[in-house]
Amino acid sequence: MNQVKVTICVGTACYVLGGAELLGMVDEMTAKFGGKVICEGSPCLGFCKLSRNSKAPFALVNDKLLEAATPESLLKAVEEALSEVQNG
Amino acid sequence: MAKENNAVRLKRRLISEVTNLALTGKLADEIDSVPYSMTNENWEIIQCCIHHDRANLRLRLMSLLGYSTEGMLDVDKPLRAYAQEALAGKKPDAFPLSLMSAACNGCTKSRYIVTNACQGCLARPCKVNCPKGAVSIINNQSHIDPELCVNCGLCEKSCPFHAIIKIPVPCEEVCPVGAIQKGEDGIAKIDESKCILCGKCLSACPFGAPAEKSEIVQVLSALTHGKKLIALVAPAAMVQFPFPPGKFIAALEHFGFSKVMEVAEAADRVAEAEAREFAERLHDNKKVLATSCCPSWVRAAGGMDLEQILSDTPSPMLVAAKTAKAQDPDAFTVFIGPCLAKRWEAHRASQNSQLVDAVLTSEEVGAMLMAAGIQVNEENEEDLAKAGNASAYGRGFAMTQGVTAAVKHALSPSAVEVNSCIVSGITKDTASQLKKVQESDKPLLIEVMACDGGCINGPCQLTNPKVAGAFLERYKAAAKKTAGPMLAANSAANERKACASSSAENHHTTASKSA
Numbered sequence: 001m002n003q004v005k006v007t008i009c010v011g012t013a014c015y016v017l018g019g020a021e022l023l024g025m026v027d028e029m030t031a032k033f034g035g036k037v038i039c040e041g042s043p044c045l046g047f048c049k050l051s052r053n054s055k056a057p058f059a060l061v062n063d064k065l066l067e068a069a070t071p072e073s074l075l076k077a078v079e080e081a082l083s084e085v086q087n088g
Numbered sequence: 001m002a003k004e005n006n007a008v009r010l011k012r013r014l015i016s017e018v019t020n021l022a023l024t025g026k027l028a029d030e031i032d033s034v035p036y037s038m039t040n041e042n043w044e045i046i047q048c049c050i051h052h053d054r055a056n057l058r059l060r061l062m063s064l065l066g067y068s069t070e071g072m073l074d075v076d077k078p079l080r081a082y083a084q085e086a087l088a089g090k091k092p093d094a095f096p097l098s099l100m101s102a103a104c105n106g107c108t109k110s111r112y113i114v115t116n117a118c119q120g121c122l123a124r125p126c127k128v129n130c131p132k133g134a135v136s137i138i139n140n141q142s143h144i145d146p147e148l149c150v151n152c153g154l155c156e157k158s159c160p161f162h163a164i165i166k167i168p169v170p171c172e173e174v175c176p177v178g179a180i181q182k183g184e185d186g187i188a189k190i191d192e193s194k195c196i197l198c199g200k201c202l203s204a205c206p207f208g209a210p211a212e213k214s215e216i217v218q219v220l221s222a223l224t225h226g227k228k229l230i231a232l233v234a235p236a237a238m239v240q241f242p243f244p245p246g247k248f249i250a251a252l253e254h255f256g257f258s259k260v261m262e263v264a265e266a267a268d269r270v271a272e273a274e275a276r277e278f279a280e281r282l283h284d285n286k287k288v289l290a291t292s293c294c295p296s297w298v299r300a301a302g303g304m305d306l307e308q309i310l311s312d313t314p315s316p317m318l319v320a321a322k323t324a325k326a327q328d329p330d331a332f333t334v335f336i337g338p339c340l341a342k343r344w345e346a347h348r349a350s351q352n353s354q355l356v357d358a359v360l361t362s363e364e365v366g367a368m369l370m371a372a373g374i375q376v377n378e379e380n381e382e383d384l385a386k387a388g389n390a391s392a393y394g395r396g397f398a399m400t401q402g403v404t405a406a407v408k409h410a411l412s413p414s415a416v417e418v419n420s421c422i423v424s425g426i427t428k429d430t431a432s433q434l435k436k437v438q439e440s441d442k443p444l445l446i447e448v449m450a451c452d453g454g455c456i457n458g459p460c461q462l463t464n465p466k467v468a469g470a471f472l473e474r475y476k477a478a479a480k481k482t483a484g485p486m487l488a489a490n491s492a493a494n495e496r497k498a499c500a501s502s503s504a505e506n507h508h509t510t511a512s513k514s515a
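For the protein sequence lines, the chains are P and V, in the order given.
The numbers in my numbering rise by one with no breaks, and the one at position 27 of the first sequence is 27.
The numbers in my numbering rise by one with no breaks, and the one at position 107 of the second sequence is 107.
No lab work stands behind these hints: they were computed from the structure.
Virtual Cβ for every residue (Gly too), placed ideally from N, Cα, C.
Check before you lean on any hint, since a few could be wrong.
As the list claims (entries may be wrong) - Some chain P residues near chain V, calculated using beta-carbon distances under 10 angstroms: (1) Y15; (2) V16; (3) G18; (4) G24; (5) G41; (6) C48; (7) A56.
Construct the entire structure; sequences and hints are all you get.
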């Protein structure tokens, strides 16, 4: 499997605390990486309920969990995952 | 610029905390503990120490309760006292913005500095071009004397190494009307008479010092007291979540609103009224009409001495509120939009009659849904027709050029050739631009949106305006009503003035007759 799967939580908490900006990244990533990266929005992944001071928004890059994700941290994680896929 | 940052997240978390407490009846009892519980674990110190951070959290909570925090270092009494007043329905004053002095960084005056990238070149264009002789060479590097510098920026422009940079004061930089001034202590102050409430400083200040005086508690209190809440949702607010508007409507109902109305339907009527008004003006040989739906522009027009070109037609918010109150005089009307200035407009209108009981921003509504644990995507999609029957033109008010398109469409049968001038985002140059065009000798429709791109780029939005723009297109395409706003062939001259009340009369004939 050579693809990287990005799951962006669009549950209300994640969306309100920054997920909206992450969703804005989808077009950019599709343009940049083409078919190598598959992005999808997901209903609440449940991570926000784990602690009172949870670090929403959450996103998954393959199985890696990103807390307090930003467009920059998401992009970085995707690039790392891509290089792992290619080298591994 | 990405709107998401820690200041924004903190504000939304606080809104969520307050909502949670208010919904469970614990606001007065527990609000004073919020600054402690929030800083218990995982708290990254922002200012000098946790005590300063907690004081600022108290002040931010005070803003959320609807109070100004200008000039305060900490709250002057427990938040409980303020919460009780807000829960009893005390509304914030008419000016919905305050500058939290305690959070203001007191950024030093905007200035130019020479960085280490300076090469001490032979040409020395910075020194040669400086009209004030403020640049000298010390240790083979340029140096700007702040006493002589007048911030003209010629040195920055002339340096081939980009070694000279401007250090701006973010709030002053974005304010299009020069309403932010710094006192001797460096702390920013807002001149309420100049401020147009565009909210650009809200997004620009990295310290989150400009703060809204919120009305969330008044709304939550009405809800918990069993009042019938009617949401009047602006078209821009309909497209803030990445799901069909029907799901957002269902989420609002789930939260506790009895009814949701789309303001876009009122926007259709406003377009018709503005078209009529335009035709009448042309009849009186007045060539220019400026739209009046953007309250921030309405404020700006006053300061620019351009009130005479403003349309008299009330905004879609007020028209929608009038309809809602006519249908149910006891209802508590809540306008929802991504706008700061609408709160002022609602206050101003309430001097005549109480049409809009409260204004919530899209950001506040998002955080309130978050607090209530409502997942918008899991709601059963409501039929949009339940909220209204707007055309794509009315829904298009949310985006620059939308109002123009609607008014032009309404005017199309009259065969008047209309030119348009569109201001997308009020800037420092807007006043001079409009002064020029207002002398037009051809029919000219001027549309002014204080926010660049229109309401979807409002200061209190949840979503990136590009994304919201795409959702808006879908919302427009879903319009069932295919006929756009249309100027009636033989409209009575005074019909425009009746526009705001027409809906009221339609739905309320019996009551007005008996009165």
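Status of each hint after checking the structure:
no. : hint : result
1   : Y15  : holds, 7 angstroms
2   : V16  : holds, 4 angstroms
3   : G18  : holds, 4 angstroms
4   : G24  : holds, 4 angstroms
5   : G41  : holds, 6 angstroms
6   : C48  : holds, 9 angstroms
7   : A56  : holds, 8 angstroms
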